[in-house]
Amino acid sequence: MAESSNHSIWPFNEAQRLLDRLKKQSETVRDVVFETGYGPSGLPHIGTFGEVVRTSMVRHAFSVLAPDRPCRLICFSDDMDGLRKVPGNVPQQDMLREHLNKPLMDIPDPFGKYESFGAHNNARLRKFLDRFGFEYEFASATEHYRSGRFDETLLKALAAYDDIMAIILPALGEERRRTYSPFLPVCSETGTVLMAQVVVQDSQAGTITYVHPDHGREVETPVTGGHCKLQWKADWAMRWVALGVDYEMSGKDLMDSVRQSSQICRALKGTPPEGFSYELFLDKNGSKISKSIGNGLTIEEWLRYAPPESLSLFMYQNPRRAKRLYFDVIPKTVDNYISHLNAFPNQTPDEQQANPVWHIHSGKPPLTSCPVNYSLLLSLAAASRAQDKAMLWGFIRHYKPDATPETYPLLDDLAGHAIIYAQDFITLHYTAPHDYDGGTQALESLKEHLIALPELPDADTIQTLLFELGKEVYGKPRLREWFGFLYQTLLGSSAGARFGTFIALYGVENTVTLIDRALSGELIQNNQVP
Numbered sequence: 026m027a028e029s030s031n032h033s034i035w036p037f038n039e040a041q042r043l044l045d046r047l048k049k050q051s052e053t054v055r056d057v058v059f060e061t062g063y064g065p066s067g068l069p070h071i072g073t074f075g076e077v078v079r080t081s082m083v084r085h086a087f088s089v090l091a092p093d094r095p096c097r098l099i100c101f102s103d104d105m106d107g108l109r110k111v112p113g114n115v116p117q118q119d120m121l122r123e124h125l126n127k128p129l130m131d132i133p134d135p136f137g138k139y140e141s142f143g144a145h146n147n148a149r150l151r152k153f154l155d156r157f158g159f160e161y162e163f164a165s166a167t168e169h170y171r172s173g174r175f176d177e178t179l180l181k182a183l184a185a186y187d188d189i190m191a192i193i194l195p196a197l198g199e200e201r202r203r204t205y206s207p208f209l210p211v212c213s214e215t216g217t218v219l220m221a222q223v224v225v226q227d228s229q230a231g232t233i234t235y236v237h238p239d240h241g242r243e244v245e246t247p248v249t250g251g252h253c254k255l256q257w258k259a260d261w262a263m264r265w266v267a268l269g270v271d272y273e274m275s276g277k278d279l280m281d282s283v284r285q286s287s288q289i290c291r292a293l294k295g296t297p298p299e300g301f302s303y304e305l306f307l308d309k310n311g312s313k314i315s316k317s318i319g320n321g322l323t324i325e326e327w328l329r330y331a332p333p334e335s336l337s338l339f340m341y342q343n344p345r346r347a348k349r350l351y352f353d354v355i356p357k358t359v360d361n362y363i364s365h366l367n368a369f370p371n372q373t374p375d376e377q378q379a380n381p382v383w384h385i386h387s388g389k390p391p392l393t394s395c396p397v398n399y400s401l402l403l404s405l406a407a408a409s410r411a412q413d414k415a416m417l418w419g420f421i422r423h424y425k426p427d428a429t430p431e432t433y434p435l436l437d438d439l440a441g442h443a444i445i446y447a448q449d450f451i452t453l454h455y456t457a458p459h460d461y462d463g464g465t466q467a468l469e470s471l472k473e474h475l476i477a478l479p480e481l482p483d484a485d486t487i488q489t490l491l492f493e494l495g496k497e498v499y500g501k502p503r504l505r506e507w508f509g510f511l512y513q514t515l516l517g518s519s520a521g522a523r524f525g526t527f528i529a530l531y532g533v534e535n536t537v538t539l540i541d542r543a544l545s546g547e548l549i550q551n552n553q554v555p
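Everything in the sequence shown is counted per this note's numbering, starting at 26 for the first residue and increasing by one.
Certain hints may be false.
In silico DSS-like pairs for lysine-lysine, Cα to Cα no more than 30 Å straight-line [unchecked claim]:
| no. | residue 1 | residue 2 |
| --- | --- | --- |
| 1 | Lys496 | Lys357 |
| 2 | Lys414 | Lys425 |
| 3 | Lys425 | Lys357 |
| 4 | Lys496 | Lys472 |
| 5 | Lys414 | Lys389 |
| 6 | Lys48 | Lys277 |
| 7 | Lys181 | Lys152 |
| 8 | Lys472 | Lys389 |
| 9 | Lys357 | Lys277 |
| 10 | Lys294 | Lys48 |
| 11 | Lys389 | Lys357 |
| 12 | Lys48 | Lys414 |
| 13 | Lys425 | Lys110 |
| 14 | Lys48 | Lys181 |
| 15 | Lys294 | Lys49 |
The set of hints was computed from the structure by calculation and includes no laboratory data.
What you are looking at is a predicted structure, and each value in this text was computed from that prediction instead of being measured.
Using the sequences provided together with the hints, build the complete structure.
The following block contains the structure:
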């Protein structure tokens with residue numbers, strides 16, 4: 026692929042920026058390091074997925090542009106952080122409160138499954154990442170601090186103490202400035218991570234002396250070997266230097282933190298990584314999604330209603346644009362995924378690399394197709410009140426006789442999701458045909474035309490019939506109203522999938538029965554209270 030052929034595709038654009046920078050560096054060729062960070066004070070969430078999947082897309086694009094440069098992804102867990110507050114979604118709240126301010130790896134697991142709370146959340150993170158097939162290296166802050174792997178860079182931070190303070194202090198309030206230190210000592214008596222005033226820094230001895238906040242006495246401690254950890258902005262910069270990080274993404278809300286951490290990185294004689302600032306997700310009301318509030322959508326909820334590839338597509342699309350992350354975005358996202366997947370086999374190599382499914386599947390999307398989109402399945406599930414996939418497959422085989430769950434596994438998966446989504450979210454509210462001027466006669470005419478069709482008409486033939494009849498009933502300028510009338514009287518919704526395709530899938534005979542039920546008033550009796 027020529028370097029400029031897909032310059033507008035953001036993963037390639039990011040990969041090219043990184044490659045251009047590496048070419049300017051005169052250092053010995055080494056592994057290119059991508060990193061994502063995770064705070065394990067809570068359970069993995071949809072933002073964690075978004076950051077890892079997007080970084081993985083850039084990493085794969087980089088491997089295409091520079092196949093001779095080995096690259097790897099480090100998923101780093103900040104599990105030496107002190108627990109500052111108890112998450113509301115975990116058991117044994119009182120027990121956890123007794124261990125506040127201790128490193129997460131030193132707090133008992135409230136679930137009783139692992140040796141610590143941090144270990145439990147790390148296991149959840151790794152299981153979470155493995156579930157989606159990410160290729161990564163897991164790294165623990167506790168292991169890196171306590172094993173001495175960070176010692177060399179920690180000593181650099183101690184030597185640059187005044188420079189770090191000059192970077193951080195202007196952003197702090199007056200009271201916080203008086204006690205701030207980039208080093209957080211770990212109390213040898215209680216094991217808690219202290220926010221203490223540092224009064225002496227001895228870079229020769231590799232120690233700091235701090236005023237213990239509990240008893241006021243001065244205590245000297247090494248900054249190495251896990252006796253201290255860094256405040257997170259300094260910690261972030263230290264990690265970039267120690268691990269040789271070349272690329273890391275972050276949310277738009279961390280732009281100031283990226284700037285300060287980059288300054289600290291330079292103070293440590295390192296080079297800040299290339300970065301990408303992505304927009305945050307919004308809930309259905311346009312407010313920023315918050316883990317603590319619980320607004321928005323969880324990964325588990327998305328995967329209840331759609332396959333994981335659709336969530337990857339949602340993350341791929343417009344990462345620099347704030348997007349609503351709520352249940353109603355799922356059907357359109359799934360249908361977009363199906364469209365991209367269906368188009369892929371007939372595209373040129375450049376077109377394929379511009380196709381989102383190429384990035385979602387690391388260049389190897391499944392060579393399959395899906396003949397029925399998700400919106401149609403939702404309409405079908407709602408209209409038929411299907412309780413299992415077998416019922417939907419009866420309609421699908423009528424529409425496409427050679428289709429089976431084995432030959433179309435994605436369609437089979439979507440059928441199951443569609444039933445659940447329809448049951449949970451689609452509220453049917455039918456309107457009586459006689460509420461529309463000429464509505465009863467219009468449905469009667471539609472019924473007659475459908476009966477007159479040849480056996481097994483295709484979707485385009487039915488759609489043409491609907492257009493022609495709509496022109497007669499409403500006139501060409503009001504065709505939108507005509508289809509709205511059909512959706513509202515026959516499907517109990519204001520809009521839906523392409524109606525001709527729905528009839529071809531549902532079956533002409535079943536649609537005629539549906540019209541009879543609408544004309545008799547039976548469908549009105551099935552209206553659901555929102």
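Hint check results:
{"no.": "1", "hint": "Lys496 x Lys357", "verdict": "holds, 28 Å"}
{"no.": "2", "hint": "Lys414 x Lys425", "verdict": "holds, 16 Å"}
{"no.": "3", "hint": "Lys425 x Lys357", "verdict": "holds, 23 Å"}
{"no.": "4", "hint": "Lys496 x Lys472", "verdict": "holds, 16 Å"}
{"no.": "5", "hint": "Lys414 x Lys389", "verdict": "holds, 28 Å"}
{"no.": "6", "hint": "Lys48 x Lys277", "verdict": "holds, 28 Å"}
{"no.": "7", "hint": "Lys181 x Lys152", "verdict": "violated, 35 Å"}
{"no.": "8", "hint": "Lys472 x Lys389", "verdict": "violated, 46 Å"}
{"no.": "9", "hint": "Lys357 x Lys277", "verdict": "holds, 26 Å"}
{"no.": "10", "hint": "Lys294 x Lys48", "verdict": "holds, 19 Å"}
{"no.": "11", "hint": "Lys389 x Lys357", "verdict": "holds, 23 Å"}
{"no.": "12", "hint": "Lys48 x Lys414", "verdict": "violated, 54 Å"}
{"no.": "13", "hint": "Lys425 x Lys110", "verdict": "violated, 56 Å"}
{"no.": "14", "hint": "Lys48 x Lys181", "verdict": "holds, 27 Å"}
{"no.": "15", "hint": "Lys294 x Lys49", "verdict": "holds, 17 Å"}
Of the numbered hints listed earlier, those contradicted by the structure are 7, 8, 12 and 13.
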